[in-house]
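Asker: From first to last, the protein sequence lines stand for chains A and B. So the first sequence is numbered by my numbering: it starts at 1 and just counts up by one. So the second sequence is numbered by my numbering: it starts at 1 and just counts up by one.
Please keep in mind that the hints were generated in silico from the structure rather than gathered at the bench. Among the hints, a few may not be true.
[Said to hold, decoys possible] Covered stretches of chain B (in silico footprint by chain A; criterion: 3 or more residues with CB under 8 Å from a CB of chain A, positions within the stretch not fixed): (1) 11 to 22; (2) 27 to 39; (3) 169 to 179.
Please read all numbers here as calculations on a predicted model, not as lab measurements. Even glycine gets a Cβ: it sits at the ideal position worked out from N, Cα and C.
There are 2 protein chains.
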Amino acid sequence: MKKLIIASTSTLHGGNYLEYLLPALQDHFKNCKSLVFIPYARPGGISHDDYTKRVADFFAKLSITVKGAHEFESPAAALTDAEAVFTGGGNTFLLVSQLYKTGVMTTLEKAIQNGTPYLGSSAGSNICGLTMQTTNDMPIIYPPSFTTLGAVPFNLNPHYLDPLPDSTHMGETRETRIKEFHQFNTQPVLGLREGSWLDVKGNTILLKGDLPARLFRQNAEPEELEAGSDLSWLK
Amino acid sequence: MKKLIIASTSTLHGGNYLEYLLPALQDHFKNCKSLVFIPYARPGGISHDDYTKRVADFFAKLSITVKGAHEFESPAAALTDAEAVFTGGGNTFLLVSQLYKTGVMTTLEKAIQNGTPYLGSSAGSNICGLTMQTTNDMPIIYPPSFTTLGAVPFNLNPHYLDPLPDSTHMGETRETRIKEFHQFNTQPVLGLREGSWLDVKGNTILLKGDLPARLFRQNAEPEELEAGSDLSWLK
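All chains should be built: construct the whole structure from the sequences, respecting the hints.
Answerer: As structure tokens, then:
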């Protein structure tokens with residue numbers, strides 16, 4: 001049975017890394033002693049080692065030891081054998097490029113289908129959708145494909161940002177960008193605000209956290225989905 | 001001799017379409033009676049016809065007739081024969097995909113090198129750089145390449161946005177995104193604020209408008225370049 005936490009962000013403003021998710025993660029990873037961390041998205045260009053250390057420091061609180069995927073001779077095989085997996089945020093183009101280059105995309109998809117508990121934040125959540133095409137990131141690397149894990153049957157927009165009411169900036173709002181996406185793509189897009197996450201257990205998908213999420217569907221007005229909603233119907 | 005206006009935005013807050021550029025465009029296109037408009041970026045999903053009409057309405061003020069690239073049997077050939085060219089803003093991934101699909105990327109590059117006066121705004125400016133990898137847009141379409149016209153020997157970030165001082169949003173700032181780009185790419189990136197444009201004549205590149213631009217170079221602190229600066233040295 002699939003078991004995922006798909007979080008909009010790793011960190012809330014004024015909080016510490018993954019802190020707001022601690023109770024949920026204690027439950028999610030309760031039978032795990034070790035975790036493979038996928039550091040490929042490298043936020044701000046941080047090294048794989050430094051990023052993995054940051055994550056290991058957090059998971060020490062849960063008595064879970066962390067090893068970075070980059071530390072294994074075969075990262076793809078490491079994912080097959082992993083007791084638990086976390087993919088951190090950063091740049092989605094870089095992450096997806098590395099997932100394909102290392103063969104991890106395929107073994108990670110299988111591991112998730114086989115029930116390995118998974119945590120994603122930001123870019124690590126983006127890849128849980130059908131494609132990475134609703135990322136907010138810059139295309140700093142050309143990936144071989146935009147297709148991602150499809151662990152949920154729609155796309156995600158993490159760090160969803162409402163239009164700023166007093167903005168004089170003429171660049172597109174997030175909503176305009178997603179509307180453009182729907183000119184060419186049919187799948188729903190779920191805008192997850194910071195502090196929201198999806199709890200996936202088998203075919204059940206629950207919206208967690210205190211905030212509503214914003215749902216965009218092709219040829220329809222956007223809808224607000226209340227915190228706590230069951231999204232199992234969404235595809 | 002190359003002759004380009006590369007504008008951050010088509011429209012200033014509270015202004016009309018291309019209005020702030022009118023004096024510059026009167027000079028830029030002073031010997032032109034007709035212009036080919038490239039509508040492929042389709043902002044907000046607008047149709048090619050509607051987008052071309054918006055542009056034609058503006059250029060009527062300059063007594064220039066406008067035809068959309070999509071109206072020609074061979075858009076690529078139309079670019080070779082064009083008296084002047086304007087590429088409008090919208091989604092850069094969509095624009096670049098269409099430029100490759102139609103063969104316009106190649107003929108447009110040659111037309112610019114041969115001195116056909118060119119105007120770009122937003123996505124239409126992004127493609128003047130070496131690659132489209134510093135766009136702000138969503139990857140709604142998978143293009144065959146990120147390589148663009150290279151009409152200037154660096155990359156552009158239109159609609160450059162300074163970090164908001166009171167923001168509690170944890171998504172990456174524009175500066176962080178460009179820093180990530182420089183982990184993997186060496187070319188300079190020029191952040192053009194709304195209201196700024198580059199005036200390119202042969203090898204001379206001048207920064208126009210009232211605002212400074214922000215220059216990002218690999219392994220260096222960002223710099224502010226004053227309005228009016230000569231950027232011909234930049235590569």
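Asker: Out of the numbered hints, which ones does the structure contradict?
Answerer: Violated hint: only 2; rest satisfied.
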